[in-house]
Amino acid sequence: MLGFIGNVLLWSAFAASLAALIGYGWSARRNNDKLFRASNYLFALKGILVLAASGVLVHLILNHQFQYYYVFNYTSKDLQLKYLFSALWGGQEGSFMLWVLFSGVVGLFLMRFTREPYRKPVLFIVALNQVFLLSMVVGIDFGFMKLGASPFRTLAQEMPNAPFIQQNPDFVPSDGSGLNDLLKSPWMMIHPPILFLGFSMMTVPYAYAMSALWKKRYQEWVNPALPWTLAANLCLLTAIFLGGYWAYVTLSFGGYWAWDPVENASFVPWLFGIAGIHTMLIQRKSSTSQKASLIFAILAYIAVVYETFLTRSGILSDSSVHSFVDLGLYNQLLVFMAVIAGLGVGMMFYRYKELPKQDKESPLLSREFMTFSGAMILFLIGLVILLGTSSPVIGRLFVENPTPPEVSFYNEWTMPLAMIAAVLTVLGQYLFWKRYDAETLASALLMPLLITSAITLTNIIYVNVQDIYYMAYLFTAWFALVGNAFVMFRLARRQPKLIGGSMSHIGFALLLLGIIGSSVYNTDMLDQETRKYNQAVERGEVMGENGMPVQQKVEMVELKLNEPKLINSEYLLTFEGFTVDQGPRPGQQTYKIKVADPEGEWSPFYMYPVVYPMKKRSQAQNVEWSVEPDVSASFFSDIYLYVAGSSYVEDKNEEIEKAQQRNMRPAAAKMGSSQGAGERQQSNESSKPSLTLQRGQTKQVGRYKVHFKEFMQADTSNMPSNASIGVRSLLEITDTRTDSVVNVDPMFAVVKRQDGSYSYAPPVSIDSWNLTLQFSNVNPATGKITLEFQGIKTEPVEKAWVLISAEEKPFISIVWLGTFVLMVGFLVSIYRHASRPKSSH
Amino acid sequence: MKPKVIIGVVAIIGFTSLLMYNFGNSISTYTNFKEAASKESAHVVGKWADAKPHGFSMETKKFSFHMKDRDGNVRKVVYAGSKPNNFERAEKLVVIGSLKNDVFYADEMLMKCPSKYNDANPSEFTKASEQ
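Chains as they are written, first to last, in our numbering: chain A, 1 to 841; chain B, 1001 to 1131.
Honestly, I wouldn't trust all of these hints.
[Unchecked claim] Beyond 10 Å from chain A on every Cβ pair, some chain B residues (computed):
1. Ile1007
2. Val1009
3. Met1020
4. Ile1027
5. Ser1028
6. Ala1037
7. Lys1047
8. Ala1051
9. Gly1072
10. Ala1080
11. Pro1084
[Said to hold, decoys possible] Just the calculated beta-carbon pair ranges, DEER-fashion:
12. B:Asp1102 / A:Gln80: 47 to 55 Å
13. A:Gln166 / B:Asp1102: 40 to 48 Å
14. A:Glu400 / B:Ala1037: 13 to 21 Å
[Unchecked claim] Simulated crosslink set (DSS-like; lysine-lysine; CA at most 27 Å straight-line):
15. B:Lys1002 / B:Lys1052
16. A:Lys594 / A:Lys560
17. B:Lys1068 / A:Lys565
18. B:Lys1100 / A:Lys553
19. A:Lys553 / B:Lys1068
20. B:Lys1100 / A:Lys652
21. B:Lys1047 / A:Lys652
22. A:Lys592 / B:Lys1083
23. B:Lys1002 / A:Lys553
Simulated from the structure, these hints should not be mistaken for lab results. All values derive from a computational prediction rather than experimental measurement. Note that the Cβ used here is the ideal one computed from N, Cα and C, for glycine as well.
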């Protein structure tokens, strides 16, 4: 019922958005204000309807209505409230709704603040986007075609042919399939909303550019469009940062960036947007680059839609680790992209002849030329990444079934371009604020160049850079930092409002430095023995089991419990045990790794990597382990490590395998297989080892040490009413293999009944060890107690171990710092350009 | 034509052709084990052959398993690392590396998983209890 209401809300919203679109189009053509106001009401009504539909969806999610496919597929009963709520945008359908909501809010702002002559066409374009986005979620079946996939469709609608649906169409699963554990992270909760906010705001420069072309007013549109573009880019940057940070601290691939198509897809619109910001700035200052501003504003949004197409059409399913599956929206997405791109490119060509031409060329040493060149470089970087990301499509020119390009393709092309961009930032900033000729510029740059050379030289010597290419890279990056710092300090004294640009460029320079530090100087943390082994592998001296030389090096370190190992001659790593907890992820192990200085010059610290069973798919018979790395961050370098294996996980897997075999045994027995083996096993299991202990004594059973500490009076309140004596023994049990300690206090009582006295000794279980023990007797004369155990592990005592995969990553902190400086730079620029008087012309 | 325009056109053509040439070289094609034998580096798509032995060797610190490619060839794969997250869940594996002596040495492995964004597997429903 609620689902039906939700669908009706979405249908009405779709109808309202269509009506608003027609209204806006007509009013823009005829310049009809009355019709425009009416369309505004329709637009707002649509917003309210979508908001209501989202409310219905949240209600269904919070109440676990698993008959709805969306609710079933993205949530489960044990999900925490915050993740339940974020499931609203966790799935593909919901994220489209969120996008509609945000772009609706953006539309309301535009209604209020946009001036004529752009007002009506801008809202027409925004409404056009709304129609397309809403069409993805309306879920109307026309018979000959389906429009969109509704978040309110039921299981029966989603898979009508499934056998359980055919048996019982009203089938409601008892629990949902839940959220992937890797995504249960606060970072991933806020990442999508910020990304979609960025997408929504990226519509604005596109809408303004289209309106400029429509109304043939090519100059003034950049004034309002500029702060919107800046804000959109700030959002995209924040979203990219959140994604990268999440990948770094949650996934075990060991970095913040992998040139994955999905990552690239949010990066390209960002680059085009930045290119647009640069040309808009010079258009605003000196009325040049009108064409470029239009092109970049249009391209940035086309890139957003293209990204949406790539990630949601299923086309990337081979090349990306995390792309969406096609919901049957392929054609719709293609139409969306074709319309947005076709309108943009078409209008551009249609008006091309009329576009303002520059009377004279900008000289080489002018802010116009430098800023424009910077924009072009950013555009080229975007193109290179776009090409790489499109390999499933464009790669077909070269081979069938193309793979994504190697990572080196991206690095080799973006690095030199970034170096050019770094130099241009300084030239551009100097020329932006003052007029120079070659001579005066050279003398102005003398000081920054000297300082840059000194820093670069120190840097090269200090970290022993040998590659001449990296030397050049470092020089350009330091130059960008120093040069822009000069400009920023000069500006800060006079007009602090103007420092947004130079500050962003400093952020960019810091990013360049951080990126090279963290990627090129990334080192595996290994002990001496492993290094020797790897050298032998390199020489082809190590033979494998098949008699062939071993091909691959070892990139992990094995640590035995409490046995320190010297790593990279710098760190002393010790595995000091682990704990198993039953928190939100039952069965999660937290390992305690001590990192110390062999010379003892700095105080040691601890790292706590985690291993846990993946909840969503793990069943009792088949546990899938997942890891969570731990990062110890400091300004100069991060230590990043995760547990690649441990004795506990191995024991656990063995246990599970045994349990599985035990489950299969009855079936095997029926088939007449060897009965004797089964019996022997049985007798083995039924034997209960026991211990007799005196107070203060310690004895070993299997691999456990049992220490009997003290007697204690038992609380009689929760015992059978006729119990006469109640006593507890305080025991400390140590697993010699893992050195973990558990304290238990099993009880022994005597219960009197008419037919005599009975002992009452409830068994105590230690779940994490699968051990059960019973306080089965006490001798009042000697004070000796008898304990019976079940589930004792008797295998030879081997020390617990853990396999650590660790890396030292220098200067990752600089990457984050650069990102933050860039963000603050954007904020300052938004503040300046949004508060500037409306007409500067 | 002005010399500036000519320089510009030459630069654009030069840049584009170099870019495309490099791009063409840096992509390869998804292939099978048979063809991988003659390649330096290959991307092989397939499925985990879970009936055959698999496991992590403490000695070499490698995870090895058997994979069946799309044409039905089964080879042993040695992956330079521990068993990755999501390995069992993957409906499709892409191993990247080289084949030597009928053993595929994978430096990288991609798992195509039924992720959060993907459709649920209908077979799961049979496990959910009926209400």
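Tested hints:
1. For Ile1007 of chain B, the non-interface assignment is confirmed: its Cβ lies about 13 Å from the closest Cβ of chain A, beyond the 10 Å cut-off.
2. Distance check on Val1009 of chain B: its Cβ is at least 15 Å (rounded) from any Cβ of chain A, clearing the 10 Å threshold; non-interface status holds.
3. Not every CB of chain A lies more than 10 Å from the CB of Met1020 of chain B, the least distance being 8 Å, so the non-interface label is violated.
4. At roughly 5 Å from the closest C-beta of chain A, the C-beta of Ile1027 of chain B falls inside 10 Å, breaking its exclusion from the interface.
5. The non-interface label for Ser1028 of chain B is inconsistent with chain A: the shortest C-beta to C-beta separation is roughly 5 Å, within 10 Å.
6. The non-interface label for Ala1037 of chain B is consistent with chain A: the shortest C-beta to C-beta separation is roughly 14 Å, beyond 10 Å.
7. Non-interface call for Lys1047 of chain B relative to chain A: holds, since the shortest CB-CB distance, roughly 14 Å, exceeds 10 Å.
8. With a minimum CB-CB distance of about 15 Å to chain A, Ala1051 of chain B clears the 10 Å threshold, and the non-interface call stands.
9. Even its closest Cβ contact with chain A, about 17 Å, leaves Gly1072 of chain B beyond 10 Å, as expected for a residue assigned away from the interface.
10. Under the 10 Å C-beta cut-off, the non-interface status given to Ala1080 of chain B relative to chain A is violated; the minimum distance is some 4 Å.
11. The Cβ of Pro1084 of chain B does not lie farther than 10 Å from every Cβ of chain A; its closest approach is about 8 Å, which violates its non-interface assignment.
12. Distance hint for Asp1102 of chain B and Gln80 of chain A: a CB-CB separation of about 49 Å, consistent with the stated range 47 to 55 Å.
13. Roughly 46 Å separates the CB atoms of Gln166 of chain A and Asp1102 of chain B, a value that falls within the hinted 40 to 48 Å.
14. Between Glu400 of chain A and Ala1037 of chain B the C-beta distance comes to about 19 Å, which sits within the given range of 13 to 21 Å.
15. A distance of roughly 70 Å separates the Cα atoms of Lys1002 of chain B and Lys1052 of chain B; the hinted pair therefore is violated under the 27 Å criterion.
16. Of the supplied pair hints, the one linking Lys594 of chain A and Lys560 of chain A holds, its CA atoms being roughly 12 Å apart against a limit of 27 Å.
17. The suggested pairing of Lys1068 of chain B with Lys565 of chain A is violated, with an alpha-carbon distance near 40 Å, which exceeds 27 Å.
18. Between the alpha carbons of Lys1100 of chain B and Lys553 of chain A the distance comes to roughly 15 Å, so the proposed pair stays at or under 27 Å and holds.
19. With a C-alpha separation of about 25 Å, the suggested pair Lys553 of chain A and Lys1068 of chain B falls inside the 27 Å cut-off, and the hint holds.
20. Only pairs whose Cα atoms come within 27 Å are accepted, and Lys1100 of chain B paired with Lys652 of chain A is rejected, the gap being roughly 34 Å.
21. Only pairs whose Cα atoms come within 27 Å are accepted, and Lys1047 of chain B paired with Lys652 of chain A is accepted, the gap being roughly 26 Å.
22. With a C-alpha separation of about 21 Å, the suggested pair Lys592 of chain A and Lys1083 of chain B falls inside the 27 Å cut-off, and the hint holds.
23. Our distance criterion of 27 Å between C-alpha atoms is broken by Lys1002 of chain B and Lys553 of chain A, whose separation comes to about 58 Å.
Hints 3, 4, 5, 10, 11, 15, 17, 20 and 23 from the list above are not met by this structure, while the remaining hints are.
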